[in-house]
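Starting from the known structure of chain H, arrange chain G on it as the hints suggest.
There are 2 protein chains.
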Amino acid sequence: MKKLVIGIDIGGTNTEFGIFDKAGKCYAKNKINTAEYATFDIFFNKLKSEIQIIARSLAFDNKIAGIGIGAPNGNYYKGTIEFATNLRWQGVINVTKKFESEFNVPAVLSNDANAAAYGEMLYGGARNMKNFIVITLGTGLGSGIVVDGRLMFGHDGFAGELGHTIVDLNGRKCGCGRNGCLETYVSATGIKKTAIEFLEKSKTTSILSNIKNISAKDIDYAAKKGDDLAMRVFEYTGKILGIKLSDIVAITSPEAIFLYGGLSNAGQLIFKPVKYWMEHYLLNIFKNKVNILPSQINDSNAAILGAAALIWDKIDKS
Amino acid sequence: MKKLVIGIDIGGTNTEFGIFDKAGKCYAKNKINTAEYATFDIFFNKLKSEIQIIARSLAFDNKIAGIGIGAPNGNYYKGTIEFATNLRWQGVINVTKKFESEFNVPAVLSNDANAAAYGEMLYGGARNMKNFIVITLGTGLGSGIVVDGRLMFGHDGFAGELGHTIVDLNGRKCGCGRNGCLETYVSATGIKKTAIEFLEKSKTTSILSNIKNISAKDIDYAAKKGDDLAMRVFEYTGKILGIKLSDIVAITSPEAIFLYGGLSNAGQLIFKPVKYWMEHYLLNIFKNKVNILPSQINDSNAAILGAAALIWDKIDKS
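As given, the protein sequences belong to chains H and G, one line each in that order. Reminder that position 248 of the first sequence reads as 248 in our numbering, one-by-one numbering, no gaps. Reminder that position 240 of the second sequence reads as 240 in our numbering, one-by-one numbering, no gaps.
Watch out, some of these pointers could steer you wrong.
Intra- or inter-copy, both count: the list cannot distinguish identical chains.
Mimicking DMTMM-like on lysine to aspartate or glutamate, the simulated pairs with C-alpha atoms at most 20 Å apart in a straight line are [as the list claims (entries may be wrong)]:
no.	residue 1	residue 2
1	K3	E200
2	K314	D148
3	K130	E82
4	K314	E235
5	K289	E82
6	K272	D228
7	K275	E197
8	K192	E16
9	K287	E82
10	K317	D148
11	K78	E255
12	K192	D168
13	K78	D148
14	K130	D148
15	K314	E279
16	K314	D218
17	K63	D313
18	K173	E279
19	K239	D168
20	K287	D156
21	K289	D156
22	K3	E36
23	K63	D21
24	K130	D156
25	K97	E82
26	K173	D316
27	K239	D227
Hints were generated in silico from the structure; no laboratory data involved.
Okay, chain H solo, but in the shape it has when bound:
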């Protein structure tokens, strides 16, 4: 009998799910549209039937041993999604309880950045590391912090909210209601705002000047074409992240920091200023010790593979 697990990544738009073995091999996968379902229960019923469909393709001697779920505002201790602003289902939702009672296997839930960190540790560039950080750069900025081989959840399960550390008390308005959070500068949303601000102040033309609704990809494209304004936008964004990372290193002393998804795909445009400014502001004892690396599981299965990794940790301990 071979043990397999289900990895589920619940996102604001889509929910992806797949079946994996311990080595990270994907046996089957699919996705459904999250936003279509008005309540969690209706969503769950659809998801369950779709999972049952892909599970039919498995060999008879395979057994599903558990379910790992990554979701925004996922609380590891309580197994709940709590007040997730980019999901339609409001309040506190008992997610793992539902999965465990309907599938009769253990389930575990955490936020997508923690799932990414577990994925990096089991299958990616952190396989031999015990202290590292994964920063997910998407619409917002998330982080999973691994301390001595274990994910840091903190007292109430919400540790690692790096995106909501403050860059400027009087800075940009954040979705959390405060001002100047890191993710208002360093994220797809943040870099767009920076580009628009730079364009408004700029006296020279830019490839971006004539684009309506500029996207992070447009800025990436323009910068790679040598557009001065777009390159300055990346420099500015990387500098803000780099300075913040010098603080994070002083607190957690990681071996490496992985940048994952979205903006990290811009390569040296973002890595170069992040590295430069982090080193520049780093306390002496940490200088030239901390690697800034691209995630090594940056493929199309990364999110569900990370979610699957979450449950292997629980299965291995039981």
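The following block gives chain G in isolation, referenced to the frame of chain H:
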């Protein structure tokens, strides 16, 4: 046979040492002047003979099972003191190796803030806590961060350098060579600088106006007498720490933050603004969850008791 341990706190001025049982009871203690000894070896020989003297008073059925040492820039993994600016002995010193070979028992070394955190966990207000932070307010600002019941040392043993997170990139010059570190504002040294700055700008008189070489204690005294300038100095200092703690909570999600030593003795003068401004800038999901507490082992043995606590953890695991 009763197991006892030696706790040693190496400070820039004095080195204190004592013998403790697991319950934290002190059997004997003494101190020597650290700064008198030009090399670590001469210091060690004196310390060893003094420890042997106090150990003679112990009952025959007692056994020294280990030695815990707190020291500035103490590296837990390597057992070394590295480039400690407020000790006369420069470079990298192999401390635990020396103690282990000369005393024939296990020894462990960490910085004084980590020792304080272990002390708080074993004997103080954190006895039932798994995620908390101890901030030591002395000449500088140190911190020990406990994650899931274990001290966070990070990749190279230097995690928890909260005193060197940056408040203002263009701020006060710090001993570390950079500008605007937290400890240049929040420490005995920092609050003195603030008082002097405030006095220079002030048009009204203050109790502090006529004091040469103002100390943190003078500011405390003046504030408790209702001196407006001194109270504003505490408010300013507490606000800076409170804002920084809102970031630290978002990263580590502790149950409580303990303030230990020095400035923390000012009581509500410092606790009130720290609490107020931390809550004010805290991300919603953390509001009204994190206690700011005075250390519960704030007596004259606190530092050596914390150092002793470090080695119990190692003895218990072996």
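Verification of the hints:
1. In this assembly of identical chains, K3 and E200 lie within 20 Å of each other by CA distance neither inside one copy nor across copies; the values are 56 Å within and 72 Å between.
2. Proximity of K314 and D148 under a CA criterion of 20 Å is satisfied in both settings, with 17 Å inside one chain copy and 16 Å between copies.
3. Neither within a single protomer nor between protomers do K130 and E82 lie at most 20 Å apart by alpha-carbon distance, with minima of 29 Å and 23 Å respectively.
4. In this assembly of identical chains, the alpha carbons of K314 and E235 never lie at most 20 Å apart, being 41 Å within a copy and 46 Å across copies at closest.
5. For a Cα distance limit of 20 Å, the shortest separation of K289 from E82 across copies, 16 Å, qualifies, whereas the shortest one inside one copy, 37 Å, does not.
6. Taking identical chains as interchangeable, the C-alpha atoms of K272 and D228 lie at most 20 Å apart only when both belong to the same chain, with a minimum of 16 Å there against 49 Å between chains.
7. With identical chains, the CA atoms of K275 and E197 are never at most 20 Å apart, being 24 Å at best within one copy and 35 Å at best between copies.
8. For the identical chains of this complex, K192 and E16 are neighbours neither inside a copy (27 Å) nor across copies (57 Å), given an alpha-carbon limit of 20 Å.
9. When the C-alpha separation of K287 and E82 is checked against a cutoff of 20 Å, the pair qualifies only between copies, where the shortest distance is 15 Å, while the shortest distance within a copy is 38 Å.
10. Within a single copy, K317 and D148 get their C-alpha atoms as close as 16 Å, and across copies as close as 16 Å, so both meet the 20 Å cut-off.
11. Within a single copy, K78 and E255 get their C-alpha atoms only as close as 30 Å, which misses the 20 Å cut-off; across copies the closest is 16 Å, which meets it.
12. Taking the closest pair of Cα atoms, K192 and D168 come within 20 Å of each other only inside a single copy of the chain (18 Å); across copies the shortest separation is 26 Å, beyond that limit.
13. For the identical chains of this complex, K78 and D148 are inter-copy neighbours only, at 16 Å across copies versus 23 Å inside a copy, given an alpha-carbon limit of 20 Å.
14. For a Cα distance limit of 20 Å, the shortest separation of K130 from D148 qualifies both inside one copy, at 5 Å, and across copies, at 15 Å.
15. Within a single copy, K314 and E279 get their C-alpha atoms no closer than 36 Å, and across copies no closer than 34 Å, so neither meets the 20 Å cut-off.
16. For the homomeric pair K314 and D218, neither the shortest alpha-carbon distance inside one copy (41 Å) nor that between copies (55 Å) is at most 20 Å.
17. For the homomeric pair K63 and D313, the shortest alpha-carbon distance inside one copy (17 Å) is at most 20 Å, but the shortest distance between copies (41 Å) is not.
18. In this assembly of identical chains, the alpha carbons of K173 and E279 lie at most 20 Å apart only when taken from different copies (18 Å versus 28 Å within one copy).
19. Within a single copy, K239 and D168 get their C-alpha atoms as close as 14 Å, and across copies as close as 15 Å, so both meet the 20 Å cut-off.
20. In this assembly of identical chains, the alpha carbons of K287 and D156 lie at most 20 Å apart only when taken from different copies (12 Å versus 32 Å within one copy).
21. Within a single copy, K289 and D156 get their C-alpha atoms only as close as 31 Å, which misses the 20 Å cut-off; across copies the closest is 9 Å, which meets it.
22. With identical chains, the CA atoms of K3 and E36 are never at most 20 Å apart, being 32 Å at best within one copy and 65 Å at best between copies.
23. Only within a single protomer do K63 and D21 lie at most 20 Å apart by alpha-carbon distance; the minimum there is 10 Å, versus 52 Å between protomers.
24. Proximity of K130 to D156 under the C-alpha cut-off of 20 Å is restricted to the inter-copy arrangement: shortest distance 11 Å between copies versus 22 Å within a copy.
25. Only within a single protomer do K97 and E82 lie at most 20 Å apart by alpha-carbon distance; the minimum there is 14 Å, versus 50 Å between protomers.
26. Taking the shortest alpha-carbon separations for K173 and D316, neither the intra-copy value of 43 Å nor the inter-copy value of 49 Å comes in at or below 20 Å.
27. In this assembly of identical chains, K239 and D227 lie within 20 Å of each other by CA distance solely inside one copy; the values are 18 Å within and 42 Å between copies.
The earlier numbered hints that this structure contradicts are 1, 3, 4, 7, 8, 15, 16, 22 and 26.
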